[in-house]
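> Those sequence lines, one after another, are chains A and B. With the working numbering applied, the first sequence corresponds to residues 1 to 295, in that order. With the working numbering applied, the second sequence corresponds to residues 1 to 310, in that order.
Derived by calculation from the structure, the hints in this document are not laboratory data. Honestly, I wouldn't trust all of these hints.
So, partial list: chain B residues that the calculated Cβ filter (under 8 angstroms) puts toward chain A [claimed, not checked]:
1) P33
2) V121
3) P126
4) L219
5) P220
6) Q221
7) S277
8) A291
Note that the structure is a prediction, hence the values are computed from the model and not measured. Built from N, CA and C at the ideal position, the CB exists for glycine as well.
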Amino acid sequence: MATTATAEGRRQATREAGSSRARGGRRNWLGGAAGWLWLVIVLVPIYWILITSLKSQTTYYDSNPLVPPSHPSLANYRTVIAADFIRYFLNSLVVAIGAVVPAVTVSFMAAYAIVRDGRGWFLRSVNALFLMGLAIPLQATVIPIYLIIIRLHLYDSLLALILPSIAFAIPLSVLVLANFIRDVPKELFEAMRIDGSTEWGTLWRLALPLTRPAVVTVSIYNALTIWNGFLLPLILTQSPTQRTLPLALWSFQGQYGINVPAVVAAVVLTTLPILILYTLGRRQLLSGLTAGFGK
Amino acid sequence: MGTAGDTRVDTRVAARPATTRVRTKGLAWLAVPALVFFVAFALVPLIGVLLLSFTSWNGIGAIRPAGFASWHRVLRDPGLPHAIWVTFEVMALSWAVQTPISILIGVFLAARHRYRALLAVLYFIPLLLSSAAIAVSYKALLDPNFGLGAGLNFGLLSQDWLGRPGLALGLVVFVVSWQFIPFHSLIYQGGVRQIPVTLYEAAQLDGAGRIRQFFSITLPQLKYTIITSSTLMVVGSLTFFDLIFVLTEGGPGDATRVLALDMYKTGFQANLMGPASVIAVILVLVGLVLALLLRRLGGRDPGASQLEGV
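Throw the hints in and build the complete structure from the sequences for me.
Here it is in structure tokens:
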């Protein structure tokens, strides 16, 4: 195989260079087998979803499930869109943007304060509180959230989904952003101060641009979590007009369960926006995630 | 970094001892908006669930104090130990499946090959799908009459996955692994890449083979990564709600009725918010105990700078 040959060659080369990444050049059969096998396990269902979404219901029952359709059709996507998925898409978009923008903004401000002025009792306890908040499972708090939302007369509205989503995005966002702000060289802050910048100005003109990868990572991560959220919409909304995509998908399967191609077309449509977002922000997201968790 | 210090000509700064960290006072107000949101919709609900566990409420009418009635009811119900047991099974099995595979793939991906970078991109796909989308897809995929197994005439795949207790639990563990192994592989990839190459060079000089290197260097060096990843897995497994709700609805019977699902069904389907709050409190306590246990294993401040020691 070509890959083994190049690996062999690289091993030779690195050995001669004398500064090899020892684990890089050597063959790792077990890891390789696991890696390729898992790739197949990951890709087969996704491939099946994609090709099935292009089949008509009758071809689906007759054809081999792993062979792509000879006459691909977008009819299933039309069925899904006719079932009001545009509205659910817009609802999800409103909730995701409406929650991520304020959540990341307030988290960034809090992280900045914690890093720059974190010695006082107030900010120390805020920091401790957010760290503890990482361990609060959303599931355990939904009953009081439901009660609060009813009392605020927000039940069955998108705002009902936005408010708790902001709260639960804050702890991790503050933690990751603070880690990155902490790595901004102290001299830069000092220089800004000598140039007469206020802390508010330093926050936006120094800390924000220098931690942009972290801000993008945190925003994408939160957007993903909120976009895919199921429990809050399930509990806090009722009418079809307020449905977000995951909930719509679930009730769509309840309705159209037998029409497998339409169901998987709905899956593809709900994932498409995230796929686009991921493609745009992939590099930063991956490096941000590994920096945030990997150590 | 040096340039900023060099261009600075300021006697006040020069007079300051070099070790003083430059900090500013009076920024506390910047944390207030985040604090308000967090207190209102996370902290108050957390305290609220404890208070509600001492009340009786059907979700619509008035909330009445009920003392320990809900606690008695839940603690005497055989459904609770069952739900705890199922939660534990899902947690332990999904940890046992995910950890070794994630480490293997992480080590594999850590080597800097271009095609492996492409693999990492493909691995990430399951993380983009919502749990609801994954559950909906697997339900369709594994349908005994219309799914993949039936279409391929492949008996192993066309079993009634959602109709038999053992199979349903196994399916949940498999789908969880399908969803999260890529994420944990990436964590391990990051961890492996931070192991100093000199350790391997020294081991090679000492004549240690590949397997020996893995167990004597890679695995011990990954200690903190394993703890981080395991914490996320274990605490995360308490919150598998969407996936199990859409995939099995806790069934067949109560075979996959984990704590989170037990709480939802008790509260929002049986309209017993008091007992449901008791289950929620138990859920929080289990999560807290597990997080503390794993933290003790690690003993590291998660707020520490990422650049420390580099």
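> When the hints from earlier in the document are held up against this structure, which numbers fail?
4, 5, 6
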